[in-house]
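If you want the building blocks of each chain, they are given just below.
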Amino acid sequence: MESTVPLSFDRAAARKVVQAERRRSTLIDVGVTLATIFAALLMGFVVIALLGKDPVRAYEALLTGPLTRLGRTGRWLELATNLILVGLGVSIAFRARQFSLGGQGQMVAGAIVAALIAIYVPLPPLLGVLLPIAAAMATGFLLGLLPGAMKAYLNANEIVSTLMLNAIVLRLYDYILTFHLKPQGSETTRSLPVQPTAQLPTFYELLGVDLGRFNLGVVLVIVGAVGVWLLLERTPFGFAIRTIGANEKFARYGGIDTRRVIMLAFAAGGAVSALAGVHLLLGVHRRLFLDFVGNIGWDGITVALLARNNPLLVPLSGLFYAYLLVGGDRVEQQAQVGSELVQVIQAVIILLITAQVLGDWIRAWRARAQVEV
Amino acid sequence: MTQATPFIVEMRDISKVYPNGVRANEHVNFAVRPREIHALVGENGAGKSTLMKILYGMERPSSGQIFVRGKPVSIHSPHEAIALGIGMVHQNFMLVPSFTIAENVVLGAEPARRRLLDYRAAVEITRQLSAQYGLEVDPEAPVEAVPVGMRQRVEILKALYRGADVLILDEPTAVLTPQETHELFAAIRQLVQSGKTVIFISHKLREVKAISDRVSVMRNARLVDTVNTAEVSEEQLARMMVGREVFLRVDKAPMRRGEPVLQVRDLEYVTEAGVEMLKGVSFNVYAGEILGVAGVEGNGQTELVEVIAGLRSAAAGQVRLCGVDITNAPPRRVRQAGVAHIPEDRLTNGVALSMSIAENLIVDRYERPPFTRGGLMQPAAVAEHAERLIDQFAIRAPDGDAPVASLSGGNMQKVVLARELSSSPKLLIAAQPTRGVDIGASEFIYEQLVRARDNGVAVLLVSADLSEVMSLADRIMVMKDGRITAVLDNTPDLTEEAIGYYMLGVKRMSAEEIAARA
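Heads up: the sequence lines are chains R and L, in that order. Under the numbering used here, think of the first position of the first sequence as 1060, with each following residue one higher. Under the numbering used here, think of the first position of the second sequence as 454, with each following residue one higher.
Chain R on its own, in the form it takes in the complex (with noise of 0.2 Å):
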């Protein structure tokens, strides 16, 4: 491996050259992520034209949807909320290097058990909200600690585990609803609603804004996003989390309990992604029903690998993912393309953006022009 430190040594000259190449390189990570998001759009534009559609009429719908009505713009933050919430969560476990995909059944643990307080017990206004936030945080946490616990001290593979456990909690969801939730006589198979104590108020209740269900489940997200930053930079255990994740054999070497650390990184991951399900539960729907959480526990998942699981950066690339989901929408019903080929362009974006493909033909380009000179 060559140094990156000038050969002969002259600290403060060193210090200037690597100070200047840190922002370099911030700049081009920044530069580099427009340009992949350009190119897979222009990559969509193309296929469009071919299949002989519109496609500027379908970019138009894409790009600028979200915003032509108040009510898609908050169909559009509601939704962020909702992939924030849950890529905050699995960014947790993913820093510690461990591939925790349980976020769906986490959100969905989370917001039955919230659900059987929010509908049932009468509580006074800021408790009936709080105390069913907690609950389902303490869910997520049990559900996390469990694929946690049997990866960190039985070894077991945490995709397998934590996938299976989303399809136990999905069946169990769906037989409590229909056996024991649904109201007597009822047509449909849906809960009652939440107590009006335990709804999270919509900005249309709060201002007369009508962002549709957009709802103070917003704050969820700020105070998530801090908290999660906080935690894994300025906490001895996220300290652990991450040594863990860059070289697990050096973080036991160190004296840090790695099976401890992975175990509760697993937990704590699932507390956060349970807000999203409470989320969903006291601010948007207001009551289950079957197939409550549609998608957001798996676009979370991109979410949080879009950002590279930087907690201060999942904002931003949830709020981009759930642009691109309204607007996809959008373009179904405006341009007549299907959604199969929307889908398609969202996944050529994520897959450049993850692979990061761009970014090393640049890098190689940059590294060629210098040399030659």
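Careful, some of the hints might be misleading.
Calculated lysine to aspartate or glutamate pairs in the DMTMM-like style (CA-CA distance at most 25 Å, straight line) [said to hold, decoys possible]:
#	chain 1	residue 1	chain 2	residue 2
1	L	K933	L	D946
2	R	K1075	L	E837
3	R	K1075	L	D852
4	L	K879	R	E1119
5	R	K1075	L	D854
6	L	K705	L	D719
7	L	K879	L	D854
DEER-style ranges, computed between Cβ atoms [what the hints assert, rightly or not]:
#	chain 1	residue 1	chain 2	residue 2	range
8	R	L1175	L	E721	51 to 57 Å
9	R	V1219	L	R522	57 to 63 Å
10	R	R1128	L	E840	52 to 58 Å
Residues from chain L that keep clear of chain R, each with C-beta distances beyond 10 Å, as calculated [as the list claims (entries may be wrong)]:
#	residue
11	A536
12	R567
13	V596
14	V680
15	T724
16	K732
17	R785
18	E820
19	E896
20	D907
21	L919
22	D942
23	V959
24	K960
25	A968
Treat the hints as calculated values from the structure; they're not laboratory data. Computed from a predicted structure; not experimentally measured. Just so you know, even glycine gets a beta-carbon here, dropped at the ideal spot from N, CA and C.
Position chain L against the provided structure of chain R, taking the given hints into account.
Positioned in the frame of chain R, the structure of chain L alone reads:
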């Protein structure tokens, strides 16, 4: 345009500037005569690997010309280098572990019959090459099952099979035991006799003196000089490499031995595969002494260190530190008891490459004040701690935020050393502390180990480099097949040969004798 030339390879006025501004080669002129063993020496980062990567087509020079057999060439890839008869054996072997040796040798240019690999032909080719050049291998053994020395011979055979006339060996002895090094040298001599040319990259001057015909010395990206090996001494070479006088002699004050710090009793260790690696090992390390563990690698030294450090579990026996039982305690408790550990494989165990220097320096103490107060980490304290250790241990780094991956091997080792020594240990375990480290850094590491000893630390030094053990240790313990075969006082009349008998298991002290000295 062919010129009459006495050189098989000539590199003229080669410069290489990396995109990050590092000048790895500056106006280097390097020429190799046919059928010679040409050593290329220099400290880590002096530019020798870059020069050879350019010759092997892995890097492109920023300027300069290359001639092979007098013809100007431009080498764009290892493939083209091989076509010109240039082969390279890297420090990290590039073999498929699950394939047999014969399969590895022919990989990429397989003898085929009806478009399928002709395995018997491959074995036959390997056997013939092996006999022709005196590179003994077992063609049908899988690579993962054979020792490092044989893997290296496989790499050499691979290059020969592809028609290499010029062989570049990149620090070939770094991974070898003394015996394997002897065998390699014999093989190199036989290669040269049968018409090959060898370029031997190293920073071990004793080996360079022993094997090479001519030496080229690199320092700070420049080629200082090329000289006939017979006409220079090791000291002169060292001075050319470092640019100043170096003393690898260690000056030690007389030992002031104190109480026993580490007490190991009847220690047994069995691998998961059921192999007994430690068989009833008992010894003490006292405050203020360096106990050196000598032995051919793979005789239980690694396991001994890792059992004491809490990274492996003993099957039986006891480890006590200042009277406290730490047998099979987790690493945290071992460290709290006062053990510091410079691990053998620092890239795997000793550092997290992607994390910053500052973070690497606190892995064993991040939870304690001043680094954590009131449940929150204190970045200012972490940065200040890093600044202090970077100064104190002369780590060549711009600041504590730089990732460890950006450092050279010697400076990574200093990061480990800084962390472990600053934990004020009672016992310091140093496993292969200077492996892959250049002379300047080795000198520094020696000084630090001796200083720790003079301050009353018990030091357990494990090294495959016998001269290192002999120049540092106060007592020497020899291990063979998981047993202690001798414990010797490191008196001036102790010779390498005397230790060698115990290392090879030719001689062995009686149990009573060992017990009395250990």
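Do the hints match the structure? See the list:
Simply put, L/K933 and L/D946 have alpha-carbon atoms about 23 Å apart, close enough for the 25 Å limit, and the pair holds. With a CA separation close to 19 Å, the supplied pair R/K1075 and L/E837 stays within the 25 Å bound. A hinted pair counts as satisfied when its Cα atoms are at most 25 Å apart, and R/K1075 with L/D852 qualifies at roughly 10 Å. With a C-alpha separation of about 70 Å, the suggested pairing of L/K879 with R/E1119 is violated against the 25 Å cut-off.
For a cut-off of 25 Å, the pair hint linking R/K1075 to L/D854 stands: about 13 Å separates their Cα positions. Distance restraint check for L/K705 and L/D719: the Cα-Cα separation of roughly 32 Å exceeds the 25 Å cut-off, and the hinted pair is therefore not satisfied. A distance of roughly 30 Å separates the Cα atoms of L/K879 and L/D854; the hinted pair therefore is violated under the 25 Å criterion. For the pair R/L1175 and L/E721, the beta carbons lie near 56 Å from each other, so the given range of 51 to 57 Å is met.
A hinted range of 57 to 63 Å for the beta carbons of R/V1219 and L/R522 is consistent with their spacing of about 59 Å. Roughly 56 Å separates the CB atoms of R/R1128 and L/E840, a value that falls within the hinted 52 to 58 Å. With a cut of 10 Å on Cβ distances, L/A536 stays outside the contact zone with chain R, its closest approach being about 23 Å. Distance check on L/R567: its Cβ is at least 39 Å (rounded) from any Cβ of chain R, clearing the 10 Å threshold; non-interface status holds.
Residue-level check passed: L/V596 sits 24 Å from the nearest beta carbon of chain R, beyond 10 Å. Every CB of chain R lies more than 10 Å from the CB of L/V680, the least distance being 23 Å, so the non-interface label holds. Listed as outside the interface, L/T724 is consistent with that label: its C-beta sits roughly 17 Å from the nearest C-beta of chain R, beyond the 10 Å cut-off. No Cβ of chain R comes within 10 Å of the Cβ of L/K732; the nearest lies about 25 Å off, and the non-interface call holds.
With a least beta-carbon separation of about 4 Å from chain R, L/R785 fails to lie farther than 10 Å from that chain, contradicting its non-interface assignment. L/E820, annotated as away from the interface, has a beta carbon of chain R within 10 Å; the closest lies near 5 Å. Against chain R, the non-interface label of L/E896 holds: every CB pair exceeds 10 Å, the least being about 17 Å. Against chain R, the non-interface label of L/D907 holds: every CB pair exceeds 10 Å, the least being about 27 Å.
Against the 10 Å criterion, L/L919 stays outside the reach of chain R, whose nearest CB is about 27 Å from its own CB. With a least beta-carbon separation of about 32 Å from chain R, L/D942 lies farther than 10 Å from that chain, consistent with its non-interface assignment. Once the 10 Å rule is applied to beta carbons, L/V959 is consistent with being away from chain R; the minimum gap is 36 Å. For L/K960, the shortest C-beta to C-beta distance to chain R comes to about 36 Å, beyond the 10 Å cut-off, and the non-interface label holds.
Against the 10 Å criterion, L/A968 stays outside the reach of chain R, whose nearest CB is about 32 Å from its own CB.
Checked against the numbered hints given earlier, the structure breaks hints 4, 6, 7, 17 and 18 and satisfies all the rest.
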